[in-house]
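Keeping their order, the protein sequence lines are chains A and B. Okay, so the first sequence: first residue is 1 according to the numbering used here, each after it adds one. Okay, so the second sequence: first residue is 1 according to the numbering used here, each after it adds one.
Just so you know, not all the hints are guaranteed correct.
[Stated by the list, open to error] Taking lysine to any residue pairs in the SDA-like style, the calculated list, with each CA pair at most 25 angstroms apart, reads:
#1 B:Lys74 to B:Leu143
#2 A:Lys180 to B:Leu55
#3 A:Lys180 to B:Pro183
#4 B:Lys74 to A:Val118
[As the list claims (entries may be wrong)] Short, incomplete list of chain A residues facing chain B, as computed with Cβ under 10 angstroms:
#5 Arg32
#6 Phe38
#7 Leu41
#8 Gly119
#9 Arg181
#10 Gly182
#11 Pro241
#12 Arg242
#13 Thr248
[As the list claims (entries may be wrong)] So the derived label-pair ranges between C-beta atoms look like this:
#14 A:Asp251 to B:Glu57: 17 to 25 angstroms
#15 B:Glu54 to A:Gly182: 49 to 57 angstroms
#16 B:Thr156 to A:Gly291: 45 to 53 angstroms
#17 B:Gly166 to A:Arg242: 49 to 57 angstroms
#18 B:Ala182 to A:Leu41: 55 to 63 angstroms
#19 B:Glu21 to A:Gly29: 50 to 58 angstroms
#20 A:Ala101 to B:Glu187: 41 to 49 angstroms
#21 B:Arg190 to A:Gly192: 41 to 49 angstroms
#22 B:His87 to A:Ala201: 52 to 60 angstroms
#23 B:Glu134 to A:Gly141: 50 to 58 angstroms
For the record, the hints were derived by calculation from the structure and aren't laboratory data. Glycine is no exception: its CB is placed at the ideal position from the N, C-alpha and C atoms.
Read off the chains here:
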Amino acid sequence: MRPEELRDRLEERVLLLDGGMGSLLMSAGLERGRAPEFWNLEHPERVEAAHRGYVEAGSDIVHANTFGASPPKLKAAGLEGRCREVNAVAVTIARRACRAAALVAGDLGPTGLLLPPVGQATVEEMAGAFREQANALAEAGADLLSIETMYDLREALVAAEAARATGLPVLVSMTFESRKRGFFTIMGDPLGASLAALADAGADAVGCNCSVTSSVMVGMISEARRSVSAPIVAQPNAGQPRVTPEGTAYDASPKAFARDVVAMVEAGARLVGGCCGTTPAFIACARAALGTAGVR
Amino acid sequence: MTEASEVLAALSRAVLEGDDESVVGLARRALDGGLTPLETIEQGLVPGIRRAGELWEEGEYFLPELVSSAQAMKAAMEVVRPALARHGGGGELGRVVIGTVHGDIHDIGKTLVGTLLAANGFAVSDEGVDVPLERFVDRARELDADLVCASALLTTTMAEQRELVGALRRAGLRARVMVGGAPASREWAREIGAHGYADNAVAAVAVARRLVTGEA
Numbered sequence: 001m002r003p004e005e006l007r008d009r010l011e012e013r014v015l016l017l018d019g020g021m022g023s024l025l026m027s028a029g030l031e032r033g034r035a036p037e038f039w040n041l042e043h044p045e046r047v048e049a050a051h052r053g054y055v056e057a058g059s060d061i062v063h064a065n066t067f068g069a070s071p072p073k074l075k076a077a078g079l080e081g082r083c084r085e086v087n088a089v090a091v092t093i094a095r096r097a098c099r100a101a102a103l104v105a106g107d108l109g110p111t112g113l114l115l116p117p118v119g120q121a122t123v124e125e126m127a128g129a130f131r132e133q134a135n136a137l138a139e140a141g142a143d144l145l146s147i148e149t150m151y152d153l154r155e156a157l158v159a160a161e162a163a164r165a166t167g168l169p170v171l172v173s174m175t176f177e178s179r180k181r182g183f184f185t186i187m188g189d190p191l192g193a194s195l196a197a198l199a200d201a202g203a204d205a206v207g208c209n210c211s212v213t214s215s216v217m218v219g220m221i222s223e224a225r226r227s228v229s230a231p232i233v234a235q236p237n238a239g240q241p242r243v244t245p246e247g248t249a250y251d252a253s254p255k256a257f258a259r260d261v262v263a264m265v266e267a268g269a270r271l272v273g274g275c276c277g278t279t280p281a282f283i284a285c286a287r288a289a290l291g292t293a294g295v296r
Numbered sequence: 001m002t003e004a005s006e007v008l009a010a011l012s013r014a015v016l017e018g019d020d021e022s023v024v025g026l027a028r029r030a031l032d033g034g035l036t037p038l039e040t041i042e043q044g045l046v047p048g049i050r051r052a053g054e055l056w057e058e059g060e061y062f063l064p065e066l067v068s069s070a071q072a073m074k075a076a077m078e079v080v081r082p083a084l085a086r087h088g089g090g091g092e093l094g095r096v097v098i099g100t101v102h103g104d105i106h107d108i109g110k111t112l113v114g115t116l117l118a119a120n121g122f123a124v125s126d127e128g129v130d131v132p133l134e135r136f137v138d139r140a141r142e143l144d145a146d147l148v149c150a151s152a153l154l155t156t157t158m159a160e161q162r163e164l165v166g167a168l169r170r171a172g173l174r175a176r177v178m179v180g181g182a183p184a185s186r187e188w189a190r191e192i193g194a195h196g197y198a199d200n201a202v203a204a205v206a207v208a209r210r211l212v213t214g215e216a
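Work out the full structure, taking the sequences as your base and the hints as a guide.
So this is what it looks like as structure tokens:
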């Protein structure tokens, strides 16, 4: 898909993304501490079922299970040297679940490498990693690329550049927290200026995902709208994660989430979905609420 | 202002500002000027790092500033530690293994606790951040540790603290376990079978003393 095509679709209507993948696979039996990318290779049918749940719930765009499929992350997970293979398999699985009903986004998460002063990684190292993954996703036939959960603007810009070089449409969302002086990443990048920098760098849509609940996300989207004219992405969590004896639990209801999704669209978001803890039930509720609200 | 209090204030400021160059010279000046290692740590370094932690809590500092402060603190400790050993702070109280659990890279609280334990006479082996369970267990065995301290700053990583208690028990080690970090609590410590919990670094020293001396 060409970037203009995505932009045209977004002019027409709001596009619904999918919800959480890692948390969904964990509830399907993925062992704690194991990288979700393993399941592309070991249990493709379970990954496909998760995608299908989202397609049936009404997602227009589904993320392939490649959030942690950059070379450094794969190496840390024990899948060193298998970037091309893992990304190709994941896109194929997502494509099987989507058929013509939804688009497949190649998902790129942070490399886990940290730039100074926090770590010793270099921008060049990151750029190489993102190029390798973005090219693998494009080669495998992803319709667009979605960069998510970025907490360092420098890394987000490097990822965006590598993704744009494939010629596919590129979404970039960063993860912000609510601090005394506004919304910032843990590295201190402010929301408005960061999204503006990403839009200037040519991202087709920019926004926020993870870390916060849908009610906080509504405020973030309002600020994003004031800062950029590019289409805005919003993917909040299903409330705050809590540790229980059974594992991690999230406390928001699909209904409350769906109400906030409508508010996010009213605040200016054009691509809405969920992050950690959200399930097909959340997306189905959001789809219904958007229909009822009559927003386009 | 006396020379001593001036050096201590400058030391605090250098840590707060993450100035890991001038902090080394200031630490030397403090020791050369007759301050004890414990005074240098507790009245110079600790107020600086504590203030950095407060600014983080208040939303003024972000990870880069916080890490820079922690690095300045570490650089100063390199200077102070040998002096500490000469002053008999060389660990007669007990042996401690400390680290931030696997999957978590929060450094500052753990480093502060480790530093204060060392300053108060424990022999501390700081394993850093993102420490796998096996490493905690191996080090506790190697050192015949009295105490293992595990820090977790995320609700998603605190479960590692529970795993650690089990892993040490299964390994048959005698070390007691102290947990800390924002999501931890006294109730959490009790629930997972940890022996102690502290909600700040000063309290951690008191808890550690109690745990290794076996009093109450």
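The hint names Arg181 of chain A as touching chain B; please verify it with the least Cβ-Cβ distance against 10 angstroms.
holds, 6 angstroms
Restraint check, 10 angstroms cut-off on beta carbons, for Pro241 of chain A near chain B:
holds, 5 angstroms
Taking 50 to 58 angstroms as the hint, is the beta-carbon distance of Glu21 of chain B and Gly29 of chain A inside that range?
holds, 52 angstroms
Holds or violated: is the Cβ of Thr248 of chain A closer than 10 angstroms to a Cβ in chain B?
holds, 6 angstroms
Range hint 49 to 57 angstroms (beta carbons of Glu54 of chain B and Gly182 of chain A) holds or violated:
violated, 19 angstroms
Taking only the CA atoms, is the gap from Lys180 of chain A to Pro183 of chain B under or equal to 25 angstroms?
Given that 25 angstroms is the threshold and the Cα spacing comes to 20 angstroms, the pair holds.
So, as I understand it, the hint says Arg32 of chain A touches chain B; can you test that by seeing if any CB pair is closer than 10 angstroms?
For Arg32 of chain A, the interface hint holds, since the closest Cβ of chain B sits about 8 angstroms away, which is under 10 angstroms.
For the pair we were handed, Lys74 of chain B and Val118 of chain A, check the Cα-Cα distance against 25 angstroms.
holds, 14 angstroms
Take the C-beta atom of Arg190 of chain B and the C-beta atom of Gly192 of chain A, compute their distance, and say whether it sits inside 41 to 49 angstroms.
holds, 44 angstroms
Quickly compare the C-alpha distance for Lys74 of chain B and Leu143 of chain B to 25 angstroms and report which way the hint goes.
holds, 22 angstroms
Does the Cβ pair Gly166 of chain B, Arg242 of chain A satisfy 49 to 57 angstroms?
violated, 21 angstroms
Given the hinted pair Lys180 of chain A and Leu55 of chain B, is their alpha-carbon gap at most 25 angstroms?
OK: Lys180 of chain A and Leu55 of chain B at ~11 angstroms, within 25 angstroms.
In the structure shown, a violation is registered for the earlier hints numbered 6, 7, 15, 16, 17, 18 and 23, in ascending order.
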